[in-house]
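Line order of the protein sequences matches chains A and B.
Final position of the first sequence in the working numbering is 176; the numbers increase by one with none missing.
Final position of the second sequence in the working numbering is 1187; the numbers increase by one with none missing.
Calculated directly from the structure, the hints in this document are not laboratory data.
A portion of the hints provided could be inaccurate.
Okay, derived cross-link-like pairs now, EDC-like style, lysine to aspartate or glutamate, Cα gap no bigger than 16 angstroms in a straight line [stated by the list, open to error]:
no.: 1; chain 1: A; residue 1: Lys7; chain 2: B; residue 2: Asp1035
no.: 2; chain 1: A; residue 1: Lys99; chain 2: A; residue 2: Asp82
no.: 3; chain 1: B; residue 1: Lys1011; chain 2: A; residue 2: Glu91
no.: 4; chain 1: B; residue 1: Lys1011; chain 2: A; residue 2: Asp82
no.: 5; chain 1: A; residue 1: Lys7; chain 2: A; residue 2: Asp82
Beta-carbon label-pair distances, calculated as ranges [unchecked claim]:
no.: 6; chain 1: A; residue 1: Tyr11; chain 2: B; residue 2: Tyr1069; range: 21 to 31 angstroms
no.: 7; chain 1: B; residue 1: Asn1009; chain 2: A; residue 2: Leu54; range: 19 to 29 angstroms
no.: 8; chain 1: A; residue 1: Tyr11; chain 2: B; residue 2: Gly1161; range: 28 to 38 angstroms
The beta-carbon is built from N, C-alpha and C at its ideal position, and this holds for glycine as well.
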Amino acid sequence: MSLLTSKWPFYISGPLLALTVLANLYIFDDELGMGEALRVISTYSVDSVAEGELAAAPAFDWQLGFLAGIFLGALLTGFLADSCKAEFMPEMEGTFTVKTLKTVLGGMGGGFLIMLGLQLAGDTVYGSFAAAIQLSTGSWIFLLAMVITAAALAILLERRANAAQGKGKSKKKGEA
Amino acid sequence: MEPLGLTGNYKLAAAIIMGMVTGFVIMKSDLPWRDSVLTMLRLRNGRLIKTILLALALGLVGFYFGQHYGLVRTHVPPTFFWPALIGGILCGLGLVAAALTPAGALVSIAAGKFYAIWVLIGMMIALPAVKVVSGVLERTLYTWSEPLSMPEAVPELFSAGNPVLYAAGTLLALLLLVHFTVGDPEE
């Protein structure tokens, strides 16, 4: 049971992540990734909005099944580990309005950029991971560009936030 | 030996089961948590970095042996240099703002982190947006360079020209570096 409730160390989760990708390649003998399934859902949503009623349901193929399986697997794990806790905003500093704006705009803007990048590169992060272990040059370029950009930006933003906090504190000290 | 290569309803059933297993592993490896992703990007928590590095290294070696024994075949989409590079940069910018990947967002919602729905909505809006500009992209970004070469089968594991050996070795060296420099505050 502790397997379900505790966090896994990297030497367990790393090999298992690799093993699931390899098992998926063996079982499906197909390109892995969720891009196609997400595209189907998006087209269905756009068609439904455009028609003003629910459009004809798309065919439930294996990629949609895989996506549904991921959702079900996570749901099941959450319930078994008793870790499902409803949260509508991530933990961050600020007033309710600031938090809401950050959550909505940051989430939507970030999600838009992520999918835009993934569409240009041609696959989702999971698909790129699967292609990278197959030595796909494009996937390695994509993954390296993503990690370097994200890490550099995250560190710079944190330094800026820390510097602003430091200034605020020294101002308060000066006033006192 | 050959890959199983299921078809029809068997493939669908296997996809749901394997999806569930993948969702379970993703959730237990800390990938869907916003804080874990952000602390990883800020190089404050090495746990997730080590998980990804080890998964990549073992995946490379596992795929090599799988291919050697005929269990798996190469299935990669065609890629281009500029779209891969610009896509990676855009994705990196988005990752700092949203701190979730598509699979991570889906798993987060399943785990009750409903704020991830905004990330999924943003992703859903991007899909038709790319469709609208796909004509322009095909005439520009995808014509700036030739398609990148597809991966080739590597004959010997311990040969000097084997990229698997170099890539896996580099990833394991990075893992050791992260282990002894960044560490894991929870350990």
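Hint by hint, here is what the structure shows:
no.: 1; hint: A:Lys7 with B:Asp1035; in the structure: holds, 14 angstroms
no.: 2; hint: A:Lys99 with A:Asp82; in the structure: violated, 27 angstroms
no.: 3; hint: B:Lys1011 with A:Glu91; in the structure: violated, 40 angstroms
no.: 4; hint: B:Lys1011 with A:Asp82; in the structure: violated, 31 angstroms
no.: 5; hint: A:Lys7 with A:Asp82; in the structure: holds, 13 angstroms
no.: 6; hint: A:Tyr11 with B:Tyr1069: 21 to 31 angstroms; in the structure: holds, 25 angstroms
no.: 7; hint: B:Asn1009 with A:Leu54: 19 to 29 angstroms; in the structure: holds, 25 angstroms
no.: 8; hint: A:Tyr11 with B:Gly1161: 28 to 38 angstroms; in the structure: holds, 30 angstroms
Checked against the numbered hints above, the structure violates hints 2, 3 and 4; every other hint is satisfied.
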